[in-house]
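If you read the sequences in order, they're chains A and B. Just so it is clear: in the first sequence, position 476 is 476 by our numbering, and no numbers are missing. Every number in our numbering is 759 more than the matching position in the second sequence, counting from 1.
These are calculated hints, taken from the structure and not from any lab test. Some hints could be false.
[What the hints assert, rightly or not] The calculated lysine-lysine pairs, modelled on DSSO-like cross-linking and capped at a C-alpha distance of 30 Å, are:
1. 908/B <-> 242/A
2. 415/A <-> 367/A
3. 788/B <-> 292/A
Small disclaimer: the values here were computed from a predicted structure and weren't measured.
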Amino acid sequence: MNSSTETEAQKPASKSKLRTFGRRAFLVGSIAVAGGVAFGYYVVRKPHDNPLLDDLGADEATFNPWVKISPTTITLITPHVDLGQGVASMQAALIAEELDLELGQFTTASGKPSPAYYNTAMANDTVPFRSTDHGFEAEAMRGVMGAAVKVMGMQSTGGSSSTADSFDKLRAAGAVARETLKQAASNRTQIPVARLRTAAGAVILPNGSKIPYTDLAKEAAKIPAVTQVTLRPPSQWRLIGKPMERLDIVAKSTGTQIYGIDVDFEDMLYAAVKVSPRIGAGLVRYDASAAKQMRGVKRILDIPNGVAVIADNTWRAFQAANAIIFEWAASKAPEQAEHWKEVGRSFTEERLDKEWRNDGDVAQAMKQEKIVSAEYRAPYVAHQPLEPLNAVIRVTGDRVDIWTSHQAPGVAQQKIAEVTGLPVEGVRLHNQYAGGSFGHRLEFDYIILAAEIGRQMKNKTIKLTFSREEDFVHDYPRQISMARPRGSVKNGRVESYDLPIAAVSAARSYTKRLGMPVPGPDLMLAAGAWDMPYNIPNFRVTAYAVPEIVPTSSWRSVGASTSGFFADAFLDELIHAAGADPMAERLRLVNDISARRVLEAVAKMSKWGSALGPNRGRGVAMVTAFGVPVAEVIEVLATPEGVKIEKVYVAAEVGRIVDPVNFENHVQGAVVWGLGHAMNCEITYSNGQIQQENYHAHEAMRLHQCPEIIVQGLENGGEIKGIGEPPVPPAAPALANAIFAATGKRIREMPFNKHIAFV
Amino acid sequence: MKITVNGTAHLVDVEDDMPLLWVLRDELKIKGPKYGCGMALCRACTVHIDGEAVPSCSIPVKQAENRNITTIEGLGTPVAHHIVQQAWIEQQVAQCGYCQSGQIMTAAAFLEKNPRPTDAEIDEAMSPNLCRCGTYSRIRAAVKSAAAKMAER
Ligand code: FES
Ligand code: FES
Numbered sequence: 001m002n003s004s005t006e007t008e009a010q011k012p013a014s015k016s017k018l019r020t021f022g023r024r025a026f027l028v029g030s031i032a033v034a035g036g037v038a039f040g041y042y043v044v045r046k047p048h049d050n051p052l053l054d055d056l057g058a059d060e061a062t063f064n065p066w067v068k069i070s071p072t073t074i075t076l077i078t079p080h081v082d083l084g085q086g087v088a089s090m091q092a093a094l095i096a097e098e099l100d101l102e103l104g105q106f107t108t109a110s111g112k113p114s115p116a117y118y119n120t121a122m123a124n125d126t127v128p129f130r131s132t133d134h135g136f137e138a139e140a141m142r143g144v145m146g147a148a149v150k151v152m153g154m155q156s157t158g159g160s161s162s163t164a165d166s167f168d169k170l171r172a173a174g175a176v177a178r179e180t181l182k183q184a185a186s187n188r189t190q191i192p193v194a195r196l197r198t199a200a201g202a203v204i205l206p207n208g209s210k211i212p213y214t215d216l217a218k219e220a221a222k223i224p225a226v227t228q229v230t231l232r233p234p235s236q237w238r239l240i241g242k243p244m245e246r247l248d249i250v251a252k253s254t255g256t257q258i259y260g261i262d263v264d265f266e267d268m269l270y271a272a273v274k275v276s277p278r279i280g281a282g283l284v285r286y287d288a289s290a291a292k293q294m295r296g297v298k299r300i301l302d303i304p305n306g307v308a309v310i311a312d313n314t315w316r317a318f319q320a321a322n323a324i325i326f327e328w329a330a331s332k333a334p335e336q337a338e339h340w341k342e343v344g345r346s347f348t349e350e351r352l353d354k355e356w357r358n359d360g361d362v363a364q365a366m367k368q369e370k371i372v373s374a375e376y377r378a379p380y381v382a383h384q385p386l387e388p389l390n391a392v393i394r395v396t397g398d399r400v401d402i403w404t405s406h407q408a409p410g411v412a413q414q415k416i417a418e419v420t421g422l423p424v425e426g427v428r429l430h431n432q433y434a435g436g437s438f439g440h441r442l443e444f445d446y447i448i449l450a451a452e453i454g455r456q457m458k459n460k461t462i463k464l465t466f467s468r469e470e471d472f473v474h475d476y477p478r479q480i481s482m483a484r485p486r487g488s489v490k491n492g493r494v495e496s497y498d499l500p501i502a503a504v505s506a507a508r509s510y511t512k513r514l515g516m517p518v519p520g521p522d523l524m525l526a527a528g529a530w531d532m533p534y535n536i537p538n539f540r541v542t543a544y545a546v547p548e549i550v551p552t553s554s555w556r557s558v559g560a561s562t563s564g565f566f567a568d569a570f571l572d573e574l575i576h577a578a579g580a581d582p583m584a585e586r587l588r589l590v591n592d593i594s595a596r597r598v599l600e601a602v603a604k605m606s607k608w609g610s611a612l613g614p615n616r617g618r619g620v621a622m623v624t625a626f627g628v629p630v631a632e633v634i635e636v637l638a639t640p641e642g643v644k645i646e647k648v649y650v651a652a653e654v655g656r657i658v659d660p661v662n663f664e665n666h667v668q669g670a671v672v673w674g675l676g677h678a679m680n681c682e683i684t685y686s687n688g689q690i691q692q693e694n695y696h697a698h699e700a701m702r703l704h705q706c707p708e709i710i711v712q713g714l715e716n717g718g719e720i721k722g723i724g725e726p727p728v729p730p731a732a733p734a735l736a737n738a739i740f741a742a743t744g745k746r747i748r749e750m751p752f753n754k755h756i757a758f759v
Numbered sequence: 760m761k762i763t764v765n766g767t768a769h770l771v772d773v774e775d776d777m778p779l780l781w782v783l784r785d786e787l788k789i790k791g792p793k794y795g796c797g798m799a800l801c802r803a804c805t806v807h808i809d810g811e812a813v814p815s816c817s818i819p820v821k822q823a824e825n826r827n828i829t830t831i832e833g834l835g836t837p838v839a840h841h842i843v844q845q846a847w848i849e850q851q852v853a854q855c856g857y858c859q860s861g862q863i864m865t866a867a868a869f870l871e872k873n874p875r876p877t878d879a880e881i882d883e884a885m886s887p888n889l890c891r892c893g894t895y896s897r898i899r900a901a902v903k904s905a906a907a908k909m910a911e912r
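Given only the sequences and the hints, what does the whole structure look like? Please build it.
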């Protein structure tokens, strides 16, 4: 972890002349870190260094870590890596809004990994308070975690946090740059700042003449940044809330977008790896005699638990790797059926992680005669974004350059320094556009392997590409999880609900790999379940931690993708047992205004209660994940060949929408993700090895199965929230509930195609 | 061996069975076609051979010799878009975008043959192309709007 609390004044002046001007870095802490009363707060209020100062030209100006202006170019730094969510455009638009730039007047860059780009919003969901809870204690705890994240310098992308992290911070960064440029113009013209305006990349004088920002860069660089700024009210926004053409949309529609896998250098060599596919089991021996003879093969390298082939073409490297005969050690990891048994054995006092809520008297309620009970299961699933893991590496002297895409680039640099034995200051990670991630690029295996190859192949530029098969078998899947809910009903109402959930902890698995285990209960085990906003008289949610069986990792929407399914689908069972209407009973029980609004919205959109016709059914589900309540109504048609998903209505409360087009696209994508994996994906283990090695065995959704998806975003102000993950969890229970409505068949296990066919 | 890509002939010195995808990407540095699965499962690598959309990861380069290969780079450019690309831009289809070269190449070849497709025909034609980001709703809309424009031609 990088940790830097050094201030500008403490820096050696010799490094850059500009520093001697004592420019005050922008105090972002006062805006972004909530709950300023928390212990240790003063430490983090010192701003991190502005990384743009490191290689700033003499005539360039930077006002904070996000804006750099040269005599020719305006560069906006968008530190959250773009995994496909359009966050590069979103981040740039937030800065441009306050800086008065038109789209097209600036370039963007990802910025190098730096503590200055810490993510406070992500920390908000790592503390165990309901994300919708704004009580003093909750705010203070978020402050502690936010402070911790800042000290660690975690510039990470995940937990749907990019928009939340950026919203105030980047607008403020734009405003600071704008006001400083106005000050520079005022100094030049002797016209008071109050009489200057800005528009379209220029300061405008009272007589209407313009001074372009680029023209002011040199002077602006010499004055202290103006840090007293007021952000514009929503009524004055030009960009936020309006559809905008994503900055990358032309490149991505013409095959000209460069991804990590497309990075290219003269004389570059290509690497393929084969690492033991068996969990915890190494390489015994291998025979590469045939591979060595193959055309284009340059080197065969021993790497930890495997072999790397260096060749002059990716395919030749793949072919040679496949020609090596390996003997892998036996793995101690149990067969898949044993995994389920282990989860099933975990509903015990000893494995209790936390009782998250216990309202009323559940124990007493469960003594009644008529108890509804069930067992729910959710399997391991893979991330498998379409661009396989890859990295281009070059180690020369004590410098490492790596071109790759990673969600936590600062930690990745640390790992590379460890492997190569070089100082972390010499490691440059050039973060690239990613062909998807879904949590996959939070892991470090490909980074470590690339570093190992670079260490052994000094002064060469090498591109490591995982074959799809290698990528699959080394994926760290989503947690495996099970629930044994019980409940009772009375007078047509849901009266008690007892929801014990047992799951392996993906968060603990990950932090263990990172070497920084986090104490305390894992919020994710019962995410989307314990914080269900329903007034059920007797209501208990308990999480049990299954000891790690195989390593697991964060998968789009994390804990809520499994627990949200259990929680909502069994609630639906109870509502049916009570003979109530699924929508009406949820609306009767709901006790949170945002949750009520999304339920009411989908009821209206779907014309809930209207006749559907024979063999059709409707299901509703509502799950809150990352502080965003999302309700979905799904309509299915039961045909003799199987279930056809016809329509999905989605309503989500996100506070405010930055770009409605990108918003709709991502909600639709998240629904497809949630449905596709619930329908037909699971990862299973045999001989300690993942058995699914390519997309035919883990297909998720294809276009012909994709329903019409109608989206409504609710914007009731307040905090802004991201939308990449929250629509995932309600998709599976809404589908299960709809299938029940259409067929009378209750599906309690993912993937659903184990129990019913889909067309 | 000589292969013609986007109207330009290239001499390549490769094995007959090297998949066309890797000749394009690593030998000719044409990066529009993407590697996703190597097994004709995802179609991120789709190119046209004599107008036919094919998964280049599963076509030995020898089979493409003396035929016209078109990649997304040859379909249109960032300044002169093909009708299908224009529709993809207008509908803002892409998320990560990694699958979209393949989606666009599949759609372009399909609409060339069937400029007035039904919804069911669109679904069938586009289903071999996987999109992990789930942009299917917009893909459908873009194919329809491209079809409408192509019908006007
Ligand atoms: S890479 Fe060719 S079909 Fe997937
Ligand atoms: S846009 Fe990401 S895979 Fe299709």
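Taking the hints in turn, this is what the structure says about them:
no.	hint	result
1	908/B <-> 242/A	holds (26 Å)
2	415/A <-> 367/A	violated (54 Å)
3	788/B <-> 292/A	holds (25 Å)
Consistency with the previously given hints fails for number 2 only.
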